[in-house]
Each structure stands twice: as structure tokens, then as C-alpha cells.
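In the working numbering, the protein residues as written are 127 to 499.
Just so you know, not all the hints are guaranteed correct.
[What the hints assert, rightly or not] The calculated lysine to aspartate or glutamate pairs, modelled on EDC-like cross-linking and capped at a C-alpha distance of 16 Å, are:
#1 381 x 449
#2 319 x 255
#3 419 x 341
#4 268 x 324
#5 268 x 323
#6 436 x 370
#7 381 x 448
#8 319 x 258
#9 419 x 440
#10 381 x 341
#11 213 x 233
#12 381 x 444
#13 436 x 368
#14 381 x 440
Read the hints as simulated data drawn from the structure, not as lab findings.
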Amino acid sequence: MWRRGRSGPLSPTLGGRLGGCGHGVERDLGAPGRILNMEWGGEYSLDSSNLDCLLNVLPGESEFQQVLNDIDEKIKKNSSSMEQCLKDLQSEVNEICTDEILQSTNDCLQWLNNCNFISLKPSSTPHGELMEFLRTLQSLLKNEQNQEEMILHFLLDLSSQCGVSFPCTPSGTSFEFTSSIHAIEDDSTMDMKSLWDDVRLHLRRFLVNRLQSQEETNSNALQQQIQFKTQCIQQLLFLYPESEVLTRYQNMQNKLVSDLLQNCILSSCGETNFDKVVHGYQSSIPTLCTMIKEDFYVLSGTIDPSSSLKFINETYLDTITEEITVLLERLCELQFKENALHIVKANKISKKHRGTVHAVAHLGVLPQHEESI
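Please model the entire structure based on the sequences and the hints provided.
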């Protein structure tokens with residue numbers, strides 16, 4: 127730490143520390159800590175005048191005091207504002223809860239601390255109104271075209287702005303986990319659950335079709351593609367549990383990766399030309415990298431990082447490894463068959479040749495070498 131001394135350019139503390147370094151610094155033994163000469167040359171020269179200029183830039187005591195005063199003033203304003211908020215809350219609580227009068231702001235803080243907000247139950251909607259609401263949604267989805275997006279936004283607004291909670295249970299066995307298998311289910315409740323299952327199934331098909339069609343065209347820019355897929359995944363997570371959404375989306379992406387790799391090497395199918403296979407995989411790398419980047423950004427903003435990395439690893443890296451393994455096994459098998467076929471043909475030719483020679487020798491018509499004259 128460099129400190130400015132009162133009696134000179136540098137305090138003894140700085141002189142002592144620099145003098146102890148032993149690199150181009152001379153110390154006066156009679157006056158410990160006082161720097162006589164600093165032999166730092168060139169652009170690194172730091173004599174007392176340069177240090178004065180450097181240290182003069184730092185705020186002085188008055189500036190520091192002003193900063194501290196400003197901080198104190200802001201703290202006082204915040205305290206006053208919090209005090210006023212507590213007084214306003216005290217007044218509102220006293221007006222609403224006539225059976226419990228808060229005498230001071232301390233009583234207000236204690237009331238907030240003891241208040242169990244979890245025990246507050248939301249107001250329930252009559253069963254008949256819920257059934258009518260779900261039937262209306264079901265009718266719109268079945269009888270009207272292109273209403274899915276509007277209904278999705280409407281349900282999301284109800285949830286986020288009005289605090290309406292919709293069931294987000296697994297499909298198929300939707301509500302079996304909420305009660306014992308020996309319990310008697312209310313028919314009216316089951317009807318309502320069936321209606322909701324039908325509504326969200328229709329919406330799920332709509333979202334999956336949008337994702338698949340977008341993957342097939344893939345005409346948008348990367349940022350637009352990421353935003354679109356993020357919205358679809360978030361809407362699916364609103365309707366179904368995270369595990370089910372990720373499983374279905376993973377299956378869809380697995381198929382895309384497999385189709386991409388197989389199409390890239392389609393021209394080399396049935397051949398054992400390894401170079402063609404390698405070239406086919408090389409041509410698929412840019413598309414695969416784009417797909418991985420898209421899903422990484424989409425899932426990073428939707429689920430936790432560990433689940434995102436697990437998804438990327440299982441969907442892409444494992445699938446690519448499996449596809450390459452299967453292809454290499456097929457190439458090795460074809461090469462083995464081709465080599466075996468060559469060996470069989472060579473053996474047949476060799477046997478045929480040996481048989482011909484043997485037959486000619488047996489008949490005694492072997493060609494005689496003519497004597498040279």
C-alpha cells in the first residue's frame with residue numbers, strides 16, 4: 127500500500143518497503159527508510175515528483191468526507207422511507223383487521239414476522255363455472271381453426287396476472303398421484319380433469335407441430351430461432367411437467383440428428399469407401415453445431431444448467447456416437463464380406479487352373495518343348 131507522508135513526498139513506510147526490495151534502491155543507513163535514489167530508468171522512472179503527480183490525483187480528505195456524508199444522507203432517507211411504509215401498512219392493517227390493532231411500527235414488524243402467508247387460501251371458483259370455462263376452451267379448439275395461440279396466451283395471462291393455477295401433471299396417468307388408488311373419485315372432478323387433459327393435449331400437439339415445422343424449414347436467423355423455440359418450450363412446461371417435456375423434445379431431436387447423419391452418407395450406402403463416409407459426416411458438422419447451440423441457449427434460459435448439459439450430451443453426443451458406431455460396424459462387415467468374396471473367387475480360379483493342368487497331364491498331351499536347332 128502506498129501512502130502519502132506529511133513531511134515528504136513518501137512516508138517512511140513506503141521507503142522501508144521499497145528499500146527492502148534491493149532492486150536499484152539505495153538506503154541511507156543513518157536514516158532508515160529514507161529513499162536516496164531510485165534507479166528505475168526509462169518509462170518506468172518513478173521519482174518523487176512523478177509520485178506527487180500520481181498521488182495528487184487521488185481524492186483528498188474533504189472529498190472522502192463528502193462521499194461519506196452523501197452515503198449517510200441516503201441511509202437516512204431510506205430509513206425514513208421504510209418508516210413511512212411501515213406506518214402506512216400499520217394504518218391499512220388497522221383498517222382491515224379491526225380485531226387486531228397495531229400500536230406501533232414494531233408491532234407491525236412483529237405482525238409481518240408471525241403472519242403465515244402459506245395458510246392463506248385462494249378463493250375457489252364454483253365447479254359449474256370451471257366446467258363451463260373448460261368446455262368453452264374445448265369447443266373453440268375443436269370447432270374453430272387457428273385458435274391455439276390465442277388460447278395459450280389467454281391461459282398464461284390468467285396464470286401470471288390473475289394468479290390462476292392450472293394442473294401440471296403427467297399425461298396419461300394425469301391425476302393418479304394425487305390420491306390413493308383405493309379412494310373413491312368424484313365423477314364431477316374426474317370430468318373436469320378429463321376436460322383439462324383434452325384441452326392441453328390439443329395445445330401440446332399444436333406446439334409440437336410448430337417445433338417440427340420450424341425445424342424442417344429452418345429459414346429464420348439464429349436469434350429468432352432461439353426465441354421461437356424458447357417460447358414453445360416454456361409453453362409446453364406450462365402444460366406438462368419438465369421431465370415429460372424434455373423427454374418428448376429429446377426424442378424429437380434424436381430423430382432429427384439420426385436423419386441428418388443418415389442423409390449425409392446416403393450416397394455411400396452399400397459402398398465401403400471410407401473417404402465418402404468421412405466427407406458425409408464432415409458436411410453435417412455445421413448443421414449439428416447450430417442445433418447444439420440453439421438447444422443450449424434455449425434450455426439454459428428454461429431449466430437448470432446440469433439438466434441442460436445432460437440433455438445436450440444424451441441428445442447429440444450419444445446419438446452421434448451411436449450412429450458412427452453402427453456405420454463403422456457396417457463398413458467393417460461389408461469390407462470383411464468383400465475380402466472373403468475375393469478370397470473365394472481367387473480359390474475358385476486357382477482350383478480351376480490346377481484342375482485343367484491335371485486333366486491335360488492325365489491325357490498325356492502335355493506340350494513338348496521344341497529343341498532349338
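Now the hints, each set against the structure:
1. A hinted pair counts as satisfied when its Cα atoms are at most 16 Å apart, and residue 381 with residue 449 qualifies at roughly 11 Å.
2. A hinted pair counts as satisfied when its Cα atoms are at most 16 Å apart, and residue 319 with residue 255 qualifies at roughly 14 Å.
3. For the given pair, residue 419 sits about 14 Å from residue 341 by alpha-carbon distance, which is consistent with the 16 Å threshold.
4. Under the criterion of a C-alpha separation no larger than 16 Å, the hint pairing residue 268 with residue 324 is consistent with the structure, at around 10 Å.
5. Straight-line distance between C-alpha atoms of residue 268 and residue 323 comes to about 14 Å, which keeps the hinted pair within the 16 Å bound.
6. Under the criterion of a C-alpha separation no larger than 16 Å, the hint pairing residue 436 with residue 370 is consistent with the structure, at around 15 Å.
7. Of the supplied pair hints, the one linking residue 381 and residue 448 holds, its CA atoms being roughly 13 Å apart against a limit of 16 Å.
8. For the proposed pair residue 319 and residue 258, the alpha carbon gap of about 13 Å is at most 16 Å, so the pair holds.
9. Simply put, residue 419 and residue 440 have alpha-carbon atoms about 15 Å apart, close enough for the 16 Å limit, and the pair holds.
10. Pair hint residue 381 plus residue 341 holds up; C-alpha atoms about 11 Å apart against a cutoff of 16 Å.
11. Annotation: proposed proximity of residue 213 to residue 233 holds, straight-line Cα distance about 10 Å (limit 16 Å).
12. Between residue 381 and residue 444 the alpha-carbon distance is near 13 Å, which keeps this suggested pair within the 16 Å criterion.
13. At most 16 Å may separate the alpha-carbon atoms for a hinted pair to count; residue 436 and residue 368 meet this at roughly 14 Å.
14. Under the criterion of a C-alpha separation no larger than 16 Å, the hint pairing residue 381 with residue 440 is consistent with the structure, at around 12 Å.
Going through the hint list in order, the structure satisfies each hint without exception.
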